[in-house]
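*Asks:* Using the sequences and the accompanying hints, generate a full structural model.
Protein chains in written order, with our numbering: chain A, 96 to 568; chain B, 307 to 520; chain C, 42 to 700; chain D, -11 to 301.
No wet-lab data here; the hints were simulated from the structure. Treat each hint with caution, since some may be false.
What the hints assert, rightly or not - The following residues of chain C were derived to be distant from chain D, with all beta-carbon distances above 10 Å:
1. LEU141
2. ASP558
3. LEU625
Stated by the list, open to error - Label-pair distances were calculated between CB atoms; the ranges are:
4. D:SER283 with C:SER227: 21 to 29 Å
5. A:ALA282 with B:MET313: 49 to 57 Å
6. A:SER116 with C:ALA145: 42 to 50 Å
7. C:GLY146 with A:LYS180: 31 to 39 Å
8. D:SER283 with C:VAL627: 25 to 33 Å
9. C:VAL627 with D:TRP162: 25 to 33 Å
Unchecked claim - Only pairs whose alpha carbons sit at most 16 Å apart, straight line, appear in this in silico EDC-like list of lysine to aspartate or glutamate:
10. C:LYS197 with A:GLU516
11. A:LYS180 with A:GLU516
12. A:LYS269 with B:ASP312
13. D:LYS146 with C:ASP459
All C-beta atoms, glycine included, are put in the ideal place defined by N, C-alpha and C.
Spelled out, the chains give:
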Amino acid sequence: MLFVLIVLPLMMAGLMFILPSKRARISLLVLTALFHLSCVVCFWKIAPQTQWHGFLSLDVLGLLILSIISVLFVVVSFYLIAYLKGEENRSTRFFIACLLVFLSAMTLVTVSRHLGLLWIAIEATTLFSAILINFHRTPRGIEATWKFLLICSVGIAMALLGTLFLAVAATNIKSLLLEDLLSNAPALIESWLKLSVIFLLIGYGTKMGLVPMHSWKPDTYGEAPGPVGALMSGALTSCAFLAILRVGQICHQADQMAFFQSITLLLGMLSLFVASVFILGQTDFKRMLGYSSIEHMGILVLGVGLGGAGFYGSLYHMLNNAFAKGLMFLVAGNLYRYYRNSKAHHIQGVLHSYPQTGILLLVGFLCVTGFPPFGTFFSELLILNAAVTGKHYIVAFLYVLFLGIIFIGMSKIVLKMAFGEPQDKPADDQYRESISMVVPLVILGLIGLLLGIFIPSYLSEVLQRASGFLGGQ
Amino acid sequence: MEAWLDMTLVLVVLLGLFMIGSNRLGAIIQIFGLQSVVLGTIPFLMYFSKIEIHIVIVSLVAMVLKGFLMPYFLFWAIRHVSIRREVSPLIGFGSTLFLSGFLIAGSFILSSRLIFPYPVMSDFIIPASFSTIMMGFLLLISRAKAITQVVGYLVMENGIFLFALLLLEKTPLLVEMGILLDVFVGALVMGIVVNHISDHFEHTDTSHLTVLRD
Amino acid sequence: MNLFLTSWYVLMAASFLMLLSARVKKICGYLFLSSLIFSCLTGLVSAIHVLCFNTPEVFRPHWQFPFGEFYIGIDALSAFFLLLFFVLMLAAGIYGYGYLRDYAGKRSLGAHYCLYHWLSASIMLTLVAKNAVLFLIGWELMTVSAYFLITFYDEKESVRKAGYIYLIATHTGTFCLLAMFLLMGSRAGSMNFDQMMAVPFSPSLVVVLFILALIGFGVKAGFIPLHIWLPHAHPAAPSHISALLSGAVIKIGIYGLIRFILIVKHFPLGCGILLLVIGAVSGVGGVLYALGQHEIKKLLAYHSIENIGIITLGLGMGMMGQAFNQDTVAFIGYAGALLHVFNHAVFKGLLFLSAGSVIRTTHTGEIDHMGGLLKMLPWTGYLFLVGSLSICGLPFFNGFISEWLVYQALLGGVFHFDIHGIIFSCLGVASLALIGGLAAYCFAKAFGAIFLGKNRSKEDCHYKESSFVLCGPMVGLAVICAWIGLFPSMMVSFSLQAAQAIMGITVPLGMEETILDPLLKVTSVLWIAVFIFAILFILKKSLLKTRPVRETETWSCGYAMPSSRMQYTASSFAAPVLRIFRTLLVFQIKTPKPKKHFPAETSLSSSVLDASEYLFFRPILYLIKKLSRKLNWIQSGHTQRYLLYIFFFLLTLLIWKLH
Amino acid sequence: MAQKILAIISLWLHLTFILVSSPFLLGVIGKTKAFFAGKWGPPLFQPYYDIAKLLRKGCVYSTTTTWIFRAAPMIALAAVLVSGFLVPMGGFNAPAQFWGDVILFVYLFALARFFIILAALDTGSSFEGIGASREATFSCLSEVALFLNFTALALISKNLSITGLVGGGVSLPWQIIGPALTLVVISFFLILLCENSRIPVDDPATHLELTMIHEVMVLDHSGVDLAYILYGGAVKLFVLGSFLMAILIPFKTQNIFMDTGIFCSGMTGLAVAIGVIESVMARLRLNRVPYFLISAVIFAVFALIITLVRGGH
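*Replies:* See below:
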């Protein structure tokens, strides 16, 4: 089953080059996404079998992230129906094929149990998302792609080195399968393990966009089309976070959690700091979203670094962030469609010109900045609680301070866009708000809201069990 | 056999130094190809006594991919770029050579502090791999031309490959091949992007690619 | 409880229905009015029920959400605040319906009404929450919905700025509350208020918590120097929203503080003193800044700060009384503060609504462009006068009763505390006296400049009095003002009930009488005054019956060509006292240098800048921004440099962790 | 029932006493000033004549004015008269005395002042605006001083009703904390001068509107209204004066007539003192007046400190 889930999108991607009409390609994309989602829903009921000598298997952590990927992908593919209609002059063939390969690679990340395979999958996501970024074919887009590719590749190379170091550390285990590593963790050689943890954290941290390996993020998110941004900031970063959690899992079993947590804490604080510095005074909406993503990635690793309830908070925050960011990027996609720009000073009075998008922009903003009753509020609260109960008062103070500054910067730009007299009336009716460009966003907003007011017991149980992997209760 | 192995490893490091010292793009790519080929021979030298089909495949694929396909491809990428020289590197040639000397010394110190859990064929392997990684990194940091940076990344990968050779017996073939494939596709995509850069900007000087900033 | 829940459900249901029916304006409006009236009345009944029978009620459906629980209950304290909220919400809502009728074509009022209901529902939720997380949810929902209500006229730059400042200030305050509740929760092991009440907190922790609470709740309540959003937000919002903001939203800050006091209970003396000092500073500062304003709603906004100061003085006396184990003083202090909370909601609501009527007819908020409106808008004018008399604490109206109680508490402190307590009580007395005098000054200025004299605007203007929908709610509020002023016993006993809930003990027997007795005597003296007034009136009437009564121009001391522009303006009226306090205020008078030998035209303008905004918050924000600009080199655009960061970080980690 | 009737009778007695005797003080002041100026001056009962004359005159109202202008004099007079009920006057005990009546006392004055100011603004005259603004400014400061004095007295006498505050309450402490009480008296006297618009704060006899305070505010009042205002001024002086007397004469002989006699002579003395001050002092410059009042505040604070240090604590 897992194998099918990986290979089917690949096959569909191949099919894209054969299919003649654009409409057929898009409907195939949507069908594949729906199939993927239905498979994932089934996995919640019936756990899939382990395949390929234990190389492929799905645990709760993987399931959680796979679900994020799947839901986001379905929403984005629905969104693309309308989005691609507006992009007449671009070839969709290659774009959709890459999207499908991207999906396949991300699925592989969540189900791979071998660390080498995990690395391969993550590198594959990098390569194919790089192709997706430059959809609009602008010089800026090329620059962003180049930076993304180079920095992430170097980062991923570090992760490869880290994986090799881990293999050295696991000399006595003679395997890089997660099951073997976890069950024999005490046999890992400590010095090599530490070395490998440092390299892995830097490597996958680059992919996640943690400071100081974050530098590609604002550029890339600033230039990527909205739907691609949604996938990258929602799904791709979660994949990278999964890789880091796997490292954490090993550290937990090998009794090196303190070592691991001290580094993630540092990374988290640095990320929050830099995000707050750059969100303040930002003039570009999408770049700001990039920094906001850095902020949230920082919060995720901060939660891991704090431990205790922080693990749960972190995983929960990952869910919230994925959908909130997805929503924001899709809004950015809409705005790009209407204004052909993402500079805040070109956009004013969205609420009056495009009321539905405007409301969604505000909802997304509230969701991202952690207003109740959106889930983000609770997860940020949980992480703050982890800091307070763990007596990390300075961390708690800085966390709150940075969140405050980020809020100041972010509200300035978002509110300026949402309110005010529209600068000029939209020239033609070509870009009216269509239902298909609003409904996917509404769905994401509703998910964000639901995650706050009501967590189903099975989801909470999965979160509990997943945080148990790292030593949380 | 170990003497040969040591000689080859020294050759790898020396080729890296050549790359850093060279200012012509074509030469750099050629030297990279040479280094990859030399690297491809190392598994044979290392596992001389117990050679397996698994090892042969890996080294042959690596040799072909990195030694021939990639240089060919990189040449394609720079074909219609008029500039063939690394004119104004961010850090001068002299200083980078000097730095790489330090880095080589550093990698020897680092590897002396890391005790490898089981005996290896040559105690040069780890330092050589570290220094190659470092030199790749140095190329990435100090050079302005996009193509040199791609080469730098590949040199880094070469260093990692060298380290991976130590574990060649234990890693499954699938994983090895996957890694090689990824690296290859990576270089391919980078090459395409370099091509795009030269199309759009009429240069491949990445120090000018600074529109996206705060 | 069922009544309360019904009222809440009706609000929520109506809000969604209104969103759906936003296109059909008439239905939307009627839906708004009917749901408003219904839920206010049911809510009022439920609140009064709790206050009359002193029977706390809880509702706990065991609905868990991350970290918290849906657990609500009405005790006397909540009921007291609910009471004032429902009164104000009803008045402001009906008024708002009339106020916005002009906008029916231009804007979607459905959204506005819906947000109004959301604001109401969130305030209700905040007031009854018995779980910290639930409280915070209500709190933040209130912040957000109030934000959207404030930015109703979002085409104006000033309105957007006001909304932005409001949102930032209150959200930043919320972070302090988060930290505070988490600290309390981690000690108590639960986020329920009940459990928090059961655990003792160490004195040093109490101080930390208290400071966090002061900042967190103080931002909302508008303590100086955290008040900066208030003077921006109130003028920006439509008037009925200003009334609600000033009457209810900032009171939720006070409610939160009281709830916090109730939970923690044992405070060191210093906390009470700190609160008293904050009250004195906010009171005096608020009224002084109010004197310096020329915009009517901004003036009223600063008066809200002043009244928050008076309330805080009462609370401070309550806390000090508890610290000195003087229950009587504490009771009177808390009761005075609570009663003033109620009174302020009523009279400030009245003032904002009547100011709204003025703005709606004259299309300006500048006091110095008005004048002589009493003849054209008699209802509005007299209602504004009632509000002014109440807010100045003059006899016959409700402000007097609550200020009386606060004075009682302060003077009680003078009798019963030790020397430190006495010194601070005296400070409180002096500042309250100053506040009273300055408030009267300020409202003489406001009422005089707006309603009396002649109109100062250049063109001839004839305004029409507002309709019944606008005047009705104001009359209602004015009647409450007078009712409490003349028959205070019911509200005083309600506020004593609530004070009882704060202290956690019952009122000692006979104390209610000792507090009420002087108040009743006061009212009898006031009746005598009315009687004497009547005699004087009759005397005058009878004397003038046979004498000539003429009407002519105001005597202008012989000047030949008096014009209405020559009247004393509000700014010049306020100038003398501002000069006295100019060291405390940023009082600027600007005159351009005269040009040429016979300057034809010159001007003079005076302004009072908010010191905490211009000398504290703006510089800090500027510094942070400058710092962040200084750090922009991090993102320089050079890939090589980015890679170098990674390298250095790797090196740092290696050195830090492995060697 | 009998008690109630008694209470009503005492109320009327008190009212009559105030009404009858208050303009007399103005007469005494005038006479004293005339004496110092070496003139015979107007008769002692001149204020009575003035008021009676004004009551018989018709009124002129400005077209700008509203109901407030006409009601203000009555409200002011009523409020000031009622405030007199709270103060004991020699043999006459205060008909209304209860815990905290000092607060009402101050607020009644404030009410009167508020309406007079509004009436001044109602005319739309710039001169009256000037006067109103000044009056409001000074009264803010004097109110603070007044309250601080009350606090000091309350601290001394442990009581909060005016009768308790000044009557028996201060009799004993004069021996212990005389200095504090002296300061209170001085401060109170300064307030009295200010509140009643006497020199050195205000010159009731000036003829230049720009320099006036209280007089300029009532420029437009005429006839009955002016009479009420004049009467109100006289009553205010009388009530404040009797308060001061109650501090200065801290004993009672238990003989109503004796007490009243002492009180009356004290009041006359006070009027003479005011007259003397008016004759020998010049009016302060307007921008110095706040310092005058601040000194009253400082005296009160000083009195408080002394009480705290020396007092029963």
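*Asks:* For LYS269 (chain A) and ASP312 (chain B), compute the direct alpha-carbon distance and say whether it is at most 16 Å.
*Replies:* Status violated; Cα separation ~27 Å.
*Asks:* Classify the label on ASP558 (chain C) as holds or violated, using whether its beta-carbon is more than 10 Å from each beta-carbon of chain D.
*Replies:* The assertion about ASP558 (chain C) is violated, with a minimum of 7 Å to chain D.
*Asks:* Decide if the proposed pair is consistent with the structure: LYS180 (chain A) and GLU516 (chain A), CA atoms, cutoff 16 Å inclusive.
*Replies:* 29 Å, violated
*Asks:* Taken at face value, is the distance from the CA of GLU516 (chain A) to the CA of LYS197 (chain C) at most 16 Å?
*Replies:* 8 Å, holds
*Asks:* In this structure, is the beta-carbon distance linking VAL627 (chain C) and TRP162 (chain D) contained in 25 to 33 Å?
*Replies:* Taking Cβ atoms as reference, VAL627 (chain C) and TRP162 (chain D) lie about 47 Å apart, which means the hint is violated.
*Asks:* Quick one: are ALA282 (chain A) and MET313 (chain B) within 49 to 57 Å, going by C-beta?
*Replies:* 36 Å Cβ-Cβ, so the 49 to 57 Å window is violated.
*Asks:* I want to verify a distance hint. Is the separation of the beta carbons of SER116 (chain A) and ALA145 (chain C) within 42 to 50 Å?
*Replies:* Since the Cβ atoms of SER116 (chain A) and ALA145 (chain C) sit about 49 Å apart, the hinted range of 42 to 50 Å holds.
*Asks:* Using the Cβ atoms, figure out if SER283 (chain D) sits within 25 to 33 Å of VAL627 (chain C).
*Replies:* Given range 25 to 33 Å: holds, Cβ gap about 27 Å.
*Asks:* Is the Cβ of LEU625 (chain C) more than 10 Å away from each Cβ in chain D?
*Replies:* Given that every Cβ of chain D is farther than 10 Å from that of LEU625 (chain C), nearest at about 14 Å, it holds.
*Asks:* For LYS146 (chain D) and ASP459 (chain C), compute the direct alpha-carbon distance and say whether it is at most 16 Å.
*Replies:* 14 Å, holds
*Asks:* Does the Cβ-Cβ separation between SER283 (chain D) and SER227 (chain C) fall within 21 to 29 Å?
*Replies:* Given about 55 Å between the Cβ atoms, the range is violated.
*Asks:* Minimum Cβ separation between LEU141 (chain C) and chain D greater than 10 Å?
*Replies:* 30 Å, holds
Violated hints, listed in ascending order, are 2, 4, 5, 9, 11 and 12; each of the other numbered hints is respected by the structure.
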